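Protein chains: 2
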Amino acid sequence: MTRNYNFSAGPSALPVDVLKQAQEELLDWHGLGLSIMEMSHRSREFVSVAEEAEQDLRDLMQIPDNYKVLFMQGGASSQFSMIPMNLLRGKKTADYINTGDWSKKAIKEASRYCDVNVIATSEENNFTSAPRQEELKLSPDAAYLHYTPNETIRGVEFDYIPETGDVPLVADLSSNILSRPIDVSRFGMIYAGAQKNIGPAGLTVVIVREDLLGDTLPGTPSLYDYKMTADAGSMVNTPPTYGWYLAGLVFKWLKAQGGVEAISEINRRKAEKLYAAIDENPFYSNPVAHNVRSWMNVPFILDNADLDKQFLVEAEALGLLNLPGHRSVGGMRASIYNAVPEAGVDALIAFMQDFSQRHG
Amino acid sequence: MTRNYNFSAGPSALPVDVLKQAQEELLDWHGLGLSIMEMSHRSREFVSVAEEAEQDLRDLMQIPDNYKVLFMQGGASSQFSMIPMNLLRGKKTADYINTGDWSKKAIKEASRYCDVNVIATSEENNFTSAPRQEELKLSPDAAYLHYTPNETIRGVEFDYIPETGDVPLVADLSSNILSRPIDVSRFGMIYAGAQKNIGPAGLTVVIVREDLLGDTLPGTPSLYDYKMTADAGSMVNTPPTYGWYLAGLVFKWLKAQGGVEAISEINRRKAEKLYAAIDENPFYSNPVAHNVRSWMNVPFILDNADLDKQFLVEAEALGLLNLPGHRSVGGMRASIYNAVPEAGVDALIAFMQDFSQRHG
Numbered sequence: 001m002t003r004n005y006n007f008s009a010g011p012s013a014l015p016v017d018v019l020k021q022a023q024e025e026l027l028d029w030h031g032l033g034l035s036i037m038e039m040s041h042r043s044r045e046f047v048s049v050a051e052e053a054e055q056d057l058r059d060l061m062q063i064p065d066n067y068k069v070l071f072m073q074g075g076a077s078s079q080f081s082m083i084p085m086n087l088l089r090g091k092k093t094a095d096y097i098n099t100g101d102w103s104k105k106a107i108k109e110a111s112r113y114c115d116v117n118v119i120a121t122s123e124e125n126n127f128t129s130a131p132r133q134e135e136l137k138l139s140p141d142a143a144y145l146h147y148t149p150n151e152t153i154r155g156v157e158f159d160y161i162p163e164t165g166d167v168p169l170v171a172d173l174s175s176n177i178l179s180r181p182i183d184v185s186r187f188g189m190i191y192a193g194a195q196k197n198i199g200p201a202g203l204t205v206v207i208v209r210e211d212l213l214g215d216t217l218p219g220t221p222s223l224y225d226y227k228m229t230a231d232a233g234s235m236v237n238t239p240p241t242y243g244w245y246l247a248g249l250v251f252k253w254l255k256a257q258g259g260v261e262a263i264s265e266i267n268r269r270k271a272e273k274l275y276a277a278i279d280e281n282p283f284y285s286n287p288v289a290h291n292v293r294s295w296m297n298v299p300f301i302l303d304n305a306d307l308d309k310q311f312l313v314e315a316e317a318l319g320l321l322n323l324p325g326h327r328s329v330g331g332m333r334a335s336i337y338n339a340v341p342e343a344g345v346d347a348l349i350a351f352m353q354d355f356s357q358r359h360g
Numbered sequence: 001m002t003r004n005y006n007f008s009a010g011p012s013a014l015p016v017d018v019l020k021q022a023q024e025e026l027l028d029w030h031g032l033g034l035s036i037m038e039m040s041h042r043s044r045e046f047v048s049v050a051e052e053a054e055q056d057l058r059d060l061m062q063i064p065d066n067y068k069v070l071f072m073q074g075g076a077s078s079q080f081s082m083i084p085m086n087l088l089r090g091k092k093t094a095d096y097i098n099t100g101d102w103s104k105k106a107i108k109e110a111s112r113y114c115d116v117n118v119i120a121t122s123e124e125n126n127f128t129s130a131p132r133q134e135e136l137k138l139s140p141d142a143a144y145l146h147y148t149p150n151e152t153i154r155g156v157e158f159d160y161i162p163e164t165g166d167v168p169l170v171a172d173l174s175s176n177i178l179s180r181p182i183d184v185s186r187f188g189m190i191y192a193g194a195q196k197n198i199g200p201a202g203l204t205v206v207i208v209r210e211d212l213l214g215d216t217l218p219g220t221p222s223l224y225d226y227k228m229t230a231d232a233g234s235m236v237n238t239p240p241t242y243g244w245y246l247a248g249l250v251f252k253w254l255k256a257q258g259g260v261e262a263i264s265e266i267n268r269r270k271a272e273k274l275y276a277a278i279d280e281n282p283f284y285s286n287p288v289a290h291n292v293r294s295w296m297n298v299p300f301i302l303d304n305a306d307l308d309k310q311f312l313v314e315a316e317a318l319g320l321l322n323l324p325g326h327r328s329v330g331g332m333r334a335s336i337y338n339a340v341p342e343a344g345v346d347a348l349i350a351f352m353q354d355f356s357q358r359h360g
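Residue numbers (the UniProt record's numbering), protein chains in the order written: chain A, 1 to 360; chain B, 1 to 360.
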């Protein structure tokens, strides 16, 4: 068996220990003679897997008791509809910050349900920065403020949590959940598609403050209703059981690494050394303002774009996979989520130096 | 490793050969050095897996070219909302047949979007039959007729496809898709949650006639829009890639068994011998009219309900798992989907005979 370093932006690398355990028990979970994916979601065994996953996530993120944790389907994109459907709560407008492609998608979908005020944007500098707190002119009647703490495509990560007073703050943490400690109590609602730092695609974690539940727009599909989902323990219908199980294994793996605090130190080191390798070498560059450079997604371009293809071919030959930048921006992008080991970043840096020496 | 016989109604048994292949390539798919679940859904490799799965399903079901095949999230229950949202197409009413618990759930959700005419029901005989064609009084202005060809809980399976003239026929095939040949051209739309005859939970297959696409209710979430989904090749956002991959393996396995025609002969045998074992033994009974007894879900009760628990304990000790009936009806239920081998049914029958001899 070969295992390469996988810099995919999502679906992305999973911890090898998690995959090994999943492999070992794939046909026979805990000696029961069947796979966990062949079990009823309402079986005693699966319910205990599900509850343990929730508890481990609560422990890892120190989620306060007045927040519900939901395991939903559909991906972050389905949340783009669910958020206005659930959180407008009689109001007609919502505030959004636009810091890139995922912000824009969230704004576009929300605009079908309410008046969206884009209260700040970094579009004028091609999304290489993030608006500061003092630039945020909150609307007095906004139902909530939505932002994207980490923009996966251009690699921009907020270095602060917006202060919104009584207005619930809503955050798409898909690409940086569990990568560093955050204070959940600052948010009305957090959501994250699983396929970066949690597990396989097809699962979305929602963390929502209880007092925001229970007043949906007319026509909200039952499966898009946070309160119904919360009341049913995320089992209004059959949940994606295998993804939920794998998420649970990832949470246990993360606890074994020392938790979010410990992994955040590794993430900081990985990111700092990779950005240093880019900044110190004129062959490479990254345009993002230093204070908001993402720890998770590190885009960079080669001085000579004609060498892009060769860079990728040579990287792949060394087992450094999935480095092309997003199709909308080109260049390169190394996504270095929790499951990408520091050794992978070291190997990438060594290759980048070697490549630039030979072609610079 | 132990492998038991798994009679779970869903999530349910998967073919052991599929699980073995999945296990073998879990950490290293086709020598690429990463798992298929760690790959971008837009990678060349995953796209080829996805397209092959669709083509294999088209082959297996002989799906005509004017039908789109969608791989969606959310389960059949999300389709209960999507169907009116997509298929009302300017009309205000829809016809539904009520043959049990799943029909009722579909009706309840649709009633939030339109006037539902329940044009026929078998509720008066406790859902042990199915309405006949001549009892179906179609509404002249109905956007579609929805029915549940196989009711998983009470084990009732239609023995005919309703004739609806120009009104599109919509069918929840979650629990009997691919169990026997059906003529897709008789339907406007078919849907099936994966977790019975297709793959793991978290994936739903939708087969919809092209001319029905593209006129959704205002407020339909983008991810609930069949046309957007079809236009994006079921990749409006990240799909549940691992489930899609496993579904593809199941389709290949089914082709290797000889396809739907061949498996339907096995399914017929499995069902006939199990119903015979029930009917010929006064210790057991099944109340469903013979012409509509399900090939997939076989509920039965013990003459003496006090023995239910012992029956289950002894069955489990023999590796015959997940036989309790649905919590709403009690008794027993053996779900004998494609992946439950005939030997499993034989073992169940042998145990039932032995148990009744000892306790009858």
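Incorrect hints may have been included.
Given that identical chains are not distinguished, each listed pair holds provided it fits within a single copy or across any two copies.
Said to hold, decoys possible - Derived lysine-lysine pairs resembling DSS-like cross-links, with alpha carbons at most 30 Å apart:
1) Lys104 with Lys227
2) Lys255 with Lys108
3) Lys252 with Lys137
4) Lys92 with Lys255
5) Lys309 with Lys20
6) Lys20 with Lys252
7) Lys20 with Lys92
8) Lys255 with Lys105
9) Lys252 with Lys104
10) Lys255 with Lys309
11) Lys309 with Lys137
12) Lys252 with Lys105
None of these hints come from the bench; they were simulated from the model. This one's a predicted model, so the numbers in the text were calculated from it and none came from an experiment.
Comparing the hints with the structure gives:
no.: 1; hint: Lys104 with Lys227; result: both (27 Å within a copy, 21 Å between copies)
no.: 2; hint: Lys255 with Lys108; result: neither (37 Å within a copy, 43 Å between copies)
no.: 3; hint: Lys252 with Lys137; result: neither (41 Å within a copy, 56 Å between copies)
no.: 4; hint: Lys92 with Lys255; result: neither (42 Å within a copy, 53 Å between copies)
no.: 5; hint: Lys309 with Lys20; result: neither (33 Å within a copy, 37 Å between copies)
no.: 6; hint: Lys20 with Lys252; result: both (14 Å within a copy, 25 Å between copies)
no.: 7; hint: Lys20 with Lys92; result: neither (49 Å within a copy, 53 Å between copies)
no.: 8; hint: Lys255 with Lys105; result: neither (33 Å within a copy, 40 Å between copies)
no.: 9; hint: Lys252 with Lys104; result: neither (34 Å within a copy, 40 Å between copies)
no.: 10; hint: Lys255 with Lys309; result: neither (39 Å within a copy, 39 Å between copies)
no.: 11; hint: Lys309 with Lys137; result: neither (44 Å within a copy, 64 Å between copies)
no.: 12; hint: Lys252 with Lys105; result: neither (32 Å within a copy, 36 Å between copies)
Consistency with the previously given hints fails for numbers 2, 3, 4, 5, 7, 8, 9, 10, 11, 12, ordered from lowest to highest.
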